[in-house]
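These are the residues of each chain, in order.
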Amino acid sequence: MDLRFTMEQQKFREEARLWLEAHVPKENLPSFDTAEGFQAHCEWERVLNDGGWAMVPWPVEYGGRGANLIEWLIFEEEYYRAGAPGRVNQNGIFLLGPTIMEYGTDAQKVRFLPKMASSEEVWAQGWSEPNAGSDMAAIQATAVREGDQFRINGQKTWASRGAYADWLFGLFRTDPDSERHKGLTFVLVPLDAPGVKVRPIEQLDGEAGFAEVFLDDALVSVDNQLGEFNRGWDVAMATAGFERGLMLRSPARFQNTARKLVELYRETVASGVAIRPALREAVTQAWTGAEAYALNTYQTVTRLLEGGKIGAEASLGKIFWSELDLKMHETALELLGARAELLPNAPSAQGVGTWLDGYLFSLSGPIYAGTNEIQRNVIAERILRLPRK
Amino acid sequence: MDLRFTMEQQKFREEARLWLEAHVPKENLPSFDTAEGFQAHCEWERVLNDGGWAMVPWPVEYGGRGANLIEWLIFEEEYYRAGAPGRVNQNGIFLLGPTIMEYGTDAQKVRFLPKMASSEEVWAQGWSEPNAGSDMAAIQATAVREGDQFRINGQKTWASRGAYADWLFGLFRTDPDSERHKGLTFVLVPLDAPGVKVRPIEQLDGEAGFAEVFLDDALVSVDNQLGEFNRGWDVAMATAGFERGLMLRSPARFQNTARKLVELYRETVASGVAIRPALREAVTQAWTGAEAYALNTYQTVTRLLEGGKIGAEASLGKIFWSELDLKMHETALELLGARAELLPNAPSAQGVGTWLDGYLFSLSGPIYAGTNEIQRNVIAERILRLPRK
Amino acid sequence: MRFAFTEDQQLLQQTVHEFLQAECTAERVRGFWATETGRSPELWSQLAEMGVTGLLVPEEFGGLGMNDIDMVLLMEEVGRAGLAEPLISTAAIAAPLIRDLDNAELSRAWLPRIAAGEAIIAVAHTCNAFVSDAHIADLILVRHPQGDEIHGLVRDQCALTAEPANDPARRIFSMDWTPKPLTRIAESGRARRLWADVLSRGALATAAQQLGVTAKLIDLAVAYATERKQFGSPIGSFQAVKHHLANVRVQLEYAQPLVYRAAHSVATRAPARATDVSMAKSAASEAAAAAAKVSLQVHGAIGYTWEQDVHVWMRRAWSLGLAWGSAAWHRERIANAVLDQNAPAESFGYGASIA
Amino acid sequence: MRFAFTEDQQLLQQTVHEFLQAECTAERVRGFWATETGRSPELWSQLAEMGVTGLLVPEEFGGLGMNDIDMVLLMEEVGRAGLAEPLISTAAIAAPLIRDLDNAELSRAWLPRIAAGEAIIAVAHTCNAFVSDAHIADLILVRHPQGDEIHGLVRDQCALTAEPANDPARRIFSMDWTPKPLTRIAESGRARRLWADVLSRGALATAAQQLGVTAKLIDLAVAYATERKQFGSPIGSFQAVKHHLANVRVQLEYAQPLVYRAAHSVATRAPARATDVSMAKSAASEAAAAAAKVSLQVHGAIGYTWEQDVHVWMRRAWSLGLAWGSAAWHRERIANAVLDQNAPAESFGYGASIA
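Chains as they are written, first to last, in the numbering used here: chain V, 1 to 389; chain C, 1 to 389; chain S, 1 to 355; chain X, 1 to 355.
Derived from the structure by calculation, the hints contain no laboratory data.
Hints may be right or wrong, so weigh each one.
To be verified - Okay, derived cross-link-like pairs now, BS3-like style, lysine-lysine, Cα gap no bigger than 25 angstroms in a straight line: (1) Lys389(C) - Lys229(S); (2) Lys182(C) - Lys229(X); (3) Lys26(C) - Lys182(C); (4) Lys260(V) - Lys229(S); (5) Lys182(V) - Lys327(V); (6) Lys115(C) - Lys197(C); (7) Lys293(X) - Lys260(C); (8) Lys327(V) - Lys327(C); (9) Lys180(X) - Lys389(C); (10) Lys182(V) - Lys115(V); (11) Lys109(V) - Lys260(V); (12) Lys229(X) - Lys293(X); (13) Lys229(S) - Lys293(S); (14) Lys389(V) - Lys229(X); (15) Lys293(S) - Lys327(V); (16) Lys229(X) - Lys327(V); (17) Lys389(C) - Lys26(C); (18) Lys327(V) - Lys260(V); (19) Lys327(C) - Lys293(X); (20) Lys182(V) - Lys293(S); (21) Lys389(C) - Lys389(V); (22) Lys260(V) - Lys26(V); (23) Lys260(C) - Lys182(C); (24) Lys229(S) - Lys389(V); (25) Lys109(C) - Lys309(C); (26) Lys327(C) - Lys293(S).
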């Protein structure tokens, strides 16, 4: 065990830090769930890609930097430290990308990965349907193979980034007599295909990053099938594993929130406002939790680098980070006191930062990527080996 | 709505207060889960009974005082205020007594109630069996009617007060072909009957108030059947309702604990010891919780006095008081700091009171009288009307 | 000792319940969000007609002459309906304040108009960082920043700045004003005592609304969990969902009597009424916050959409949680009384019962 | 950067694991409770033979010359077995303290005896109200109450009073003593620095034991829940039971790396090691306390019986929670570093990585 970074890792960090300091936009970009913000974020992705920092851990041939996972964690730490924008193409680069690398044909890798790395093509998630949320196996949308095309019918909902994305990935029932996990195929769908209609969903925060996608005799080339026919469930489980696991939630994000929370605490103390004593403990717990999450991730990465796999443990992480994130935002709102409810354009809103928006987002943490209730079942049954019902 | 006590109620309170001040033992009695303490508590019950205060809300003809429920609550407040001993015959006076009043024959009332009021006969609970804990319908012990006797076989466990009591009440399967709730009969069993063997269970705190009761061809008169043959479940549900509800957990108990907790907090502050700031909030919450529980009980009692019933709401109370009690004891142990782990005979144990013992007892709160998990199901299904599985 | 409402009180509650359920639908509430004032003069005059605005106005001034105990059940209904009209400041605070000032001129000027639904009154109290509904107020009640004086301002005697908030039903303002003898309506000890009641009544009415909000959030979650299926069963049949909702139901069950008791303490001017109100407000705030979170969780992603009703009440839970003192603020007020013994703590139980 | 143990470390852990599982059964632990000393000289010499007591003793003095990282996995096993022998004070604290004192005479006098299992050392630190195992100690290490001096006492240089505790495996004592020049073994800045390490190593070893206790409590609950039936199904198939246990498993998962990191920080003398240790101890204490409560709940009434094993580890969880600083005490130490910036806070992440 050696938790110190090597000289090379330190050099990598310094390089990343310098580049980011020179390139990160000085002003916060508008939310990528607005049309204007989406464009601005795509522009940032191009800058990142031009600098060679868009896909740090991907192989060079697919537009990546070929860095290992430790370097990726270091890059993420620096990325958050620099206050760089959120990744508008995260569905692609963190979820679908690794899945294509594992299940894609060579042609698919060449076709999709570089444009994903450069965000020339932005991806939407198509997991949920009106009757299939956390229970993904209840999928009803169908894809019928006709020659070299799929004819697709059905509806996907809660497609994140769906309002502005170019492509959508998801599962479709290809065996009409199948039930549950069987008879599904993983298909990549261009959102400009004929028969595809996208309806943005207006959300609590007034933005519309999510969309419903209606598929009405949409025709998609069979070249867009990822993995085997009727075996899409296995592919999706790998992707969902990426979502719950390492790739989506880099620990730097939570360490950065914890750091901001500590700053907010100090500012509030300095301002002379009376602070509920329990908040001192809450901030300390948040800091400790963020450290624990980071350390656990370095442990996992070490295991992966030495040939290990991530399995059901991803569920432990999902519960931990989603509850940590929620608690940190709740604590921040308590520290903000009366200012917590103000919108950023309110005259008295100085110093409120993005905590309210972040809170709304963090509230969804226990819900998306498989509700925490389901993760607890997974832990109980697959890690603790408690009996199934 | 008028939350002020009437002049008569005030007079009743004063009378109780004066009597208790004159009669409550100056020294704490040993635990009634020891042989010595059991005797001492029975002695105290005799004093109470001689003073006419043993069974405040019972009809005068059965050894009670004939007071109404509001007066009973007032008496309980004064009883705790006076630091009077725990009620060794609580299984009888709070659980079985009201059940006999509702389901018993006149002969049974006359035979059992006065001796219960005077604690000449102390009662043990016989709900649990080795394979029937919270799931009472899984009872296996059998009672076969033979002429004017029941022949009883089986085993009861967790019989509280079982080690020293005179009688036990419980359910027995009287229809051998029956399942679950059906075919059970409620029978009162003298613990000195032939074929009855009592084995005390040694507990965490080293005491032995609970016992296992082995019934090996025990013969009991059919006069001891309470309620109808094969309809014991209904009788038991009424008794269990008394257990979960009003009769067992008088709010004064929790208000008294909250009051002691406030005193402990003040003493700790006065001693100059640094206090974890969150404990100030915890003590405040405990106080508020005890008030809420008391107010809710006065609401319930008002409803009962005006002809209402207690139903599934008893489950709300069970969860609330058991969690409140546990939290209060946890808070007290945190306030005690390093002294919390000391036994009362430790030289440095001054001021630790009975918090550690109380904590062990409070830990069982969420478990006994139907686990809180089961109460939550009851609330969800019978109050919120959520679908059963 | 009788801890129950009268039949008359329950009847009035039922009437207001039926009216609001019919007239103040979630769809209509969302409609008000889009208007400039955020308020509905139509609903307001209907409420006045039912006697709600003038509930605490003495009969001689055209009101019902009732008290804070009568008011509490109605406020619960207002919360259940998600109604954001300025009933707290106008009907629950200003009416009894003006009544208790015992100033014939002021009473004649304002009480009949409150009862008739022709006056809206805002209240600026330091436990709120901002003033609600000042933009439509005919009178703004405020305490002199340095002294024991209550002032009554009309809108051109102060400068208002709108502060947009997360709950579109909230209309809050920063306010600048200069005390002048002309605007003073009470002073010295009397002003101080009455101003303490302003806080008590504000927190009490808010707590009562939170009970209604909590109940509504539970209802919404139960309805959704009964209908929505996952893995072939309604999600409401899963133990995890049941237990979360049961826990919130327990919180509601024990917040409620604290609120009703506080109403009794305020109405009877019990010495510990400030502490009693703080218990009510902190418990009701916690119940509403828990209900908002659990209800959103039960709804899953769909809870995030505009079309769903859950977020209407979730926003209410959040904004009422901050109004008239947060749970933490009130807990500290309880601690100050119960632990530090700086204020009367007990109006109940053996501690208070024999002096 | 490599966050994993070596194969050798895991092998040693496995050896100790197998030994303790075979030799230190729950039944035997209960047997020790009934003895006068509460300790087993037999187990102690077997542990010495395996190298556990002398793990941190340099090879030249007959030890294994390993470090705190090697120690942490073994302490986890000690906790899992519910073993209460004074390994923390003797092997995890005193051995490296005497090693670091760099005093040839002291080292020769004590280190070989520690390694051989022939000396037991107790440590009196102000973060503990009482001294553990002083009754059988050959040497008691203590800091001068007024100055930067470490003293080493033999038993007749102090007066001990037994303090019976809830956990029968705990043997704690009040101690009276008078500092004399003769008993002094270190002074000034050096004593102060080394004494800080005493606290770090005590809290670290305790936290590691708590990980083992937590894991054992989860195992016991899972085993019981799998076997015990209610309403016709194993209780472990009920969602409520599953979710409670899953939550504790999550706590364990994230306490563990904090403990391992703290071991690394202590072994490498990282500037923020005190803060790192406090994070480890607070998280491990919370995990163990949660495991104790949930495990008891899962066991139901049977958990209260003397014959069941659950209470053996429950008592360990409680007493280790108080030892070497409670969770609250360590949280305040973290706050002092991270929030108030009175001590180094970060040995990890971007804040620490480029100076």
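A quick look at each hint next to the structure:
no.	hint	verdict
1	Lys389(C) - Lys229(S)	holds, 12 angstroms
2	Lys182(C) - Lys229(X)	holds, 20 angstroms
3	Lys26(C) - Lys182(C)	violated, 50 angstroms
4	Lys260(V) - Lys229(S)	violated, 40 angstroms
5	Lys182(V) - Lys327(V)	violated, 38 angstroms
6	Lys115(C) - Lys197(C)	holds, 23 angstroms
7	Lys293(X) - Lys260(C)	holds, 24 angstroms
8	Lys327(V) - Lys327(C)	holds, 21 angstroms
9	Lys180(X) - Lys389(C)	violated, 73 angstroms
10	Lys182(V) - Lys115(V)	violated, 31 angstroms
11	Lys109(V) - Lys260(V)	violated, 39 angstroms
12	Lys229(X) - Lys293(X)	holds, 20 angstroms
13	Lys229(S) - Lys293(S)	holds, 20 angstroms
14	Lys389(V) - Lys229(X)	holds, 12 angstroms
15	Lys293(S) - Lys327(V)	holds, 12 angstroms
16	Lys229(X) - Lys327(V)	violated, 36 angstroms
17	Lys389(C) - Lys26(C)	violated, 54 angstroms
18	Lys327(V) - Lys260(V)	holds, 14 angstroms
19	Lys327(C) - Lys293(X)	holds, 12 angstroms
20	Lys182(V) - Lys293(S)	violated, 35 angstroms
21	Lys389(C) - Lys389(V)	holds, 12 angstroms
22	Lys260(V) - Lys26(V)	holds, 18 angstroms
23	Lys260(C) - Lys182(C)	violated, 46 angstroms
24	Lys229(S) - Lys389(V)	holds, 18 angstroms
25	Lys109(C) - Lys309(C)	holds, 22 angstroms
26	Lys327(C) - Lys293(S)	holds, 23 angstroms
Going down the numbered hints, you'll see the structure goes against 3, 4, 5, 9, 10, 11, 16, 17, 20 and 23, while the others check out.
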